[in-house]
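Use the sequences and the hints to build the structure in full.
UniProt numbering numbers the first residue of the sequence shown as 1 and each following residue consecutively.
If you are wondering where the hints come from, they were derived from the structure by calculation, not from laboratory data. Watch out, some of these pointers could steer you wrong.
Stated by the list, open to error - Across the chosen pairs, the derived CB separations fall in these ranges:
#, residue 1, residue 2, range
1, Lys64, Glu118, 31 to 41 Å
2, Gly80, Asn34, 37 to 47 Å
3, Thr62, Val30, 21 to 31 Å
4, Gln37, Ile83, 30 to 40 Å
5, Ser51, Gly82, 13 to 23 Å
6, Leu36, Asp60, 15 to 25 Å
7, Ser23, Lys64, 22 to 32 Å
8, Asn31, Lys55, 15 to 25 Å
9, Gly82, Gln48, 11 to 21 Å
10, Asn31, Glu78, 14 to 24 Å
11, Lys67, Val35, 12 to 22 Å
12, Ala32, Gly82, 15 to 25 Å
13, Lys44, Ser84, 13 to 23 Å
Stated by the list, open to error - Pairs of lysine to any residue, SDA-like flavour, derived with a Cα cap of 25 Å:
#, residue 1, residue 2
14, Lys47, Leu65
15, Lys64, Val30
16, Lys55, Gly82
These figures come from a predicted structure and were not determined experimentally. Backbone N, C-alpha and C define an ideal beta-carbon position, used for all residues, glycine too.
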Amino acid sequence: MICSHLLAKFDLSNLMSTAKTGSAIVEVFVNAGNVLQGFFFQDKSMKQVYSAYPKLLCMDATYKLLKLRFPLYVILVEDGNGISEVAAAFLWLEETEFEKFNRTLRITIKLASLASEETGSVLRKQTAVLQKLVSARDCGKNLM
Numbered sequence: 001m002i003c004s005h006l007l008a009k010f011d012l013s014n015l016m017s018t019a020k021t022g023s024a025i026v027e028v029f030v031n032a033g034n035v036l037q038g039f040f041f042q043d044k045s046m047k048q049v050y051s052a053y054p055k056l057l058c059m060d061a062t063y064k065l066l067k068l069r070f071p072l073y074v075i076l077v078e079d080g081n082g083i084s085e086v087a088a089a090f091l092w093l094e095e096t097e098f099e100k101f102n103r104t105l106r107i108t109i110k111l112a113s114l115a116s117e118e119t120g121s122v123l124r125k126q127t128a129v130l131q132k133l134v135s136a137r138d139c140g141k142n143l144m
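Shown next, in the form of structure tokens:
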């Protein structure tokens, strides 16, 4: 879903028009100079998947998916059959800005789905950026 959106059309105006229809949550992050820093994306089906399977949240990043080489962070949940489903995704242009970003992302995820209160465990790759993101959450979840 998100991959096809990003690979087919890396077009922020198209992404924003999707958000305006109410079918997706798109949060665009800019710095003080109004330069794009990243964005969060969760469409209706992603919200439904996250609401249905909120117990385990998996997060990881890939750098080779987009020609622009921005890290694409994917947030997955595991369904009842043990199959992963995409619950949200976000791009971030400079990982060094994560300290400024994680608070906004945490709020966005909470607003995106009421099911976030039911998340019991967060599984993530052991990278410094994801470590900071999850640790900063201070959510009392079981971090693996």
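Lys55 paired with Gly82 [C-alpha distance capped at 25 Å]: holds, 12 Å
Pairwise beta carbon distance, Gly80 to Asn34, judged against the given window 37 to 47 Å: Hint holds: Cβ distance 44 Å, inside 37 to 47 Å.
Satisfaction of the hinted span 15 to 25 Å by the C-beta atoms belonging to Ala32 and Gly82: Roughly 44 Å apart at Cβ, these two residues miss the hinted range, so it is violated.
Hint consistency between Lys64 and Val30 [alpha-carbon to alpha-carbon, up to 25 Å]: holds, 23 Å
Lys64 versus Glu118 beta-carbon gap, inside 31 to 41 Å or not: Once the Cβ atoms are compared, 33 Å apart, the range 31 to 41 Å for Glu118 and Lys64 holds.
Holds or violated: Lys47 to Leu65, with C-alpha atoms at most 25 Å apart: Holds. Lys47 to Leu65 sits at ~23 Å (cutoff 25 Å).
C-beta pair Thr62, Val30: status relative to the range 21 to 31 Å that was hinted: For Val30 against Thr62, whose Cβ atoms are near 23 Å apart, the range 21 to 31 Å holds.
Range agreement (Cβ of Asp60 with Cβ of Leu36, hint 15 to 25 Å): Given a distance of about 22 Å, which is inside 15 to 25 Å, the answer is holds.
Distance restraint evaluation - Asn31, Glu78, Cβ atoms, bounds 14 to 24 Å: Between Asn31 and Glu78, where Cβ atoms are some 35 Å apart, the hint is violated.
Cβ separation of Ser23 and Lys64, checked against the hinted range 22 to 32 Å: holds, 28 Å
CB-CB spacing for Ile83 and Gln37 relative to the 30 to 40 Å hint: holds, 32 Å
CB-CB spacing for Ser84 and Lys44 relative to the 13 to 23 Å hint: Given range 13 to 23 Å: holds, Cβ gap about 19 Å.
Violation of the numbered hints given earlier is confined to hints 8, 10, 12; the remaining hints are satisfied by the structure.
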